[in-house]
Amino acid sequence: MNFVALKMLVADRAKYFSLIFAIAFASFLLANQVSIFIGIMTRPSSQIQDVVDADVWVMDPQTHYSNEVYALRDYDLYRVRSVPGVEWAVPLYKGNGRAKGPDGRFRTVILMGLDDATLVGAPRKMLVGSIQDLDQPDAAIIDKAGYLYFFPGQPLEVGKTLQMNERRVLIVGVSDASAPFESFPVLHTRYSQALGFVGRERNLLSFVLAKPTPGTPVEKVCKGIEAATGLRARSTAEFSLDSFLFYLRNTGIPVNFGITVIIALVVGTVIPGQTFYIFTVENLKQFGALKAIGVTNRRIVGMILLQALVVGGTGYALGMGITAAFFARTMSYLPTRGIIFPWQVMAAVGVVVLLVVGLASLISVRRVLVLEPAVVFRG
Amino acid sequence: MIKDGIAVFSQDVTKVFGRGDTQVHALRGIDLNIQLGELTMLVGPSGSGKTTLLSVITGLLDATSGDLVVLGRRPGELSAEDLILFRRENLGFVFQQFNLLPALTAAENVAVPLLAGGTKRQQAVARGEEFLATLGMAHRAHALPSELSGGEQQRVALARALVHEPKLIVCDEPTSALDGRTGHAVMELLSAAAVRPGRAVIIVTHDARIFDFADQIAHMDDGRITSLEENRRMVPPQLLRH
Chain A
1 MNFVALKMLV
11 ADRAKYFSLI
21 FAIAFASFLL
31 ANQVSIFIGI
41 MTRPSSQIQD
51 VVDADVWVMD
61 PQTHYSNEVY
71 ALRDYDLYRV
81 RSVPGVEWAV
91 PLYKGNGRAK
101 GPDGRFRTVI
111 LMGLDDATLV
121 GAPRKMLVGS
131 IQDLDQPDAA
141 IIDKAGYLYF
151 FPGQPLEVGK
161 TLQMNERRVL
171 IVGVSDASAP
181 FESFPVLHTR
191 YSQALGFVGR
201 ERNLLSFVLA
211 KPTPGTPVEK
221 VCKGIEAATG
231 LRARSTAEFS
241 LDSFLFYLRN
251 TGIPVNFGIT
261 VIIALVVGTV
271 IPGQTFYIFT
281 VENLKQFGAL
291 KAIGVTNRRI
301 VGMILLQALV
311 VGGTGYALGM
321 GITAAFFART
331 MSYLPTRGII
341 FPWQVMAAVG
351 VVVLLVVGLA
361 SLISVRRVLV
371 LEPAVVFRG
Chain B
1 MIKDGIAVFS
11 QDVTKVFGRG
21 DTQVHALRGI
31 DLNIQLGELT
41 MLVGPSGSGK
51 TTLLSVITGL
61 LDATSGDLVV
71 LGRRPGELSA
81 EDLILFRREN
91 LGFVFQQFNL
101 LPALTAAENV
111 AVPLLAGGTK
121 RQQAVARGEE
131 FLATLGMAHR
141 AHALPSELSG
151 GEQQRVALAR
161 ALVHEPKLIV
171 CDEPTSALDG
181 RTGHAVMELL
191 SAAAVRPGRA
201 VIIVTHDARI
211 FDFADQIAHM
221 DDGRITSLEE
231 NRRMVPPQLL
241 RH
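Residue numbers (the working numbering), protein chains in the order written: chain A, 1 to 379; chain B, 1 to 242.
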């Protein structure tokens, strides 16, 4: 009877296509908005994720996320180094400065000051130049988006200069640093150099980056540092989550995206649900005839579920295809770089679509199950 | 005691819808015997209980009281699942509005009872095509119901009712949606193809023009059989040739 169910489904093309379109639209909207939400909300932790050499971030006890930092005292670095289980610890400056281009255009930039000796926290991927060139005077590495802002239309090359705090900044490399939340350019320089770029501040020590000794769990080292220094110590994953949660709690972003996701869910549930229900109700007489002829309720339920699965599956596949095409297009666009379509979102939307069509078909199935087959004798 | 050769035995069968003040007595003590090999017509005005009786006989509705035996089984004693199986194996239906599935071709519509019984699609549709050919509809086997005339649709419905060789065929106003000539042609076909030894046909109708096809006519009014008339059935020419 499966082919009967499928033929019944596609016979009314207008309803068939409107069902598929509604599910495709809803699944696209869900997948798209959730992916963008995740992409945006993970941006505050971009600079944390980019540091792959160290596993522990030590900060002021009142620092709650990466973009608002109260500097530590210089000797805190040595206190961290003295904690058992810490293999090494280095300073990291993270702050904002203002950079000016040769044509006068300026921007606030994120400045990362790396330990002079080790360059721990340097960009993972260089597009042009070398990390070692940071040894040069006034040297800095800028991210691609920042480079193209200051030098629009120009090929990526070293040797360009910017100005920060009335000082020359020599671009010795272009990196592929992850996009930050504020879409500011990201500059990496040496820790000692950063002082000159940002101006007079009593302390520059935003974070101490530490590495546990081999075999020592990160959590144990964090606890040890906190106990010994009174500072806050977090693993990379914990600090990323802290930053994510801070923006989640303190901005309107989740509300904004939440509303869109709710609308997508409502549209995705109500429209296909209603259309599928109407589709079933309009076919009640046919189902009644089938019941009278001797088709079991179980078989009819199977037919309806098959119809729901086909429209749900087709709509979902179409929606995921559109979403994938969307992100394939926007991934190469600088402002939206790094916002991807995670497979977990695809799977979660699949579960939601399954629930939606399941719910829609359940309501329809109920009508068919309570249908008296004698209805077929009523002209 | 039910004699052999009885398709339907009904004794004092009643059917009441609703309860309290809204009760409707649709059947008030129906006594009726229908023999295998005969064509019985239930006739009467609207609301007389014809369709309700047909629904009770086919197990689509439960009788409120009385004794009803159909093809040796008491529908009221069968479980819901057994009742469906009983209908699938033993009953063929022809509906007033044909109730063909609009998405299926004529042959596929005819194949539905076979599909419901578990026959493979290809085999069932081939059988449907063969059956349509016996009713002179081979050339329309792949047409959709919307492409068929009313008479053709009813022939497809008739083929669907007969394809699985049921022992009891029930027809609800099979000619009411057709013009006189087409209705007569359909009745000729029905009489020739459906009425066989070992099979009974019950037709609910208002259409006095087709009474000649009946072996027995039960006149109904207000939920009762008011008279039972034996008839000399008009034998259609097709049957005479055999």
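Treat each hint with caution, since some may be false.
Said to hold, decoys possible - Label-pair restraints from in silico Cβ distances:
id	chain 1	residue 1	chain 2	residue 2	range
1	B	Thr134	A	Asn2	21 to 29 Å
2	A	Lys285	B	Gly47	15 to 23 Å
3	A	Phe3	B	Thr134	19 to 27 Å
4	B	Gly180	A	Val270	47 to 55 Å
5	B	Asp21	A	Lys7	18 to 26 Å
6	B	Leu78	A	Leu369	27 to 35 Å
7	A	Ile262	B	Gly47	47 to 55 Å
8	A	Asn2	B	Leu78	43 to 51 Å
9	A	Arg13	B	Gly37	19 to 27 Å
Since the hints were made in silico from the structure, they are not lab data. Backbone N, C-alpha and C define an ideal beta-carbon position, used for all residues, glycine too.
The hints, checked one at a time:
Roughly 28 Å separates the CB atoms of threonine 134 of chain B and asparagine 2 of chain A, a value that falls within the hinted 21 to 29 Å. Taking 15 to 23 Å as the suggested C-beta distance range, the pair lysine 285 of chain A and glycine 47 of chain B conforms, at roughly 21 Å. The hinted window of 19 to 27 Å between phenylalanine 3 of chain A and threonine 134 of chain B holds, with their beta carbons roughly 24 Å apart. Taking the beta carbon of each, glycine 180 of chain B and valine 270 of chain A are about 49 Å apart, inside 47 to 55 Å as hinted.
In this structure, aspartate 21 of chain B and lysine 7 of chain A break the distance hint of 18 to 26 Å, their C-beta atoms being roughly 46 Å apart. In this structure the hint that leucine 78 of chain B and leucine 369 of chain A lie 27 to 35 Å apart at CB is violated, the actual value being about 19 Å. Taking 47 to 55 Å as the suggested C-beta distance range, the pair isoleucine 262 of chain A and glycine 47 of chain B conforms, at roughly 52 Å. Taking the beta carbon of each, asparagine 2 of chain A and leucine 78 of chain B are about 27 Å apart, not inside 43 to 51 Å as hinted.
Evaluation of the 19 to 27 Å hint for arginine 13 of chain A and glycine 37 of chain B yields a failure: the beta carbon distance comes to about 47 Å.
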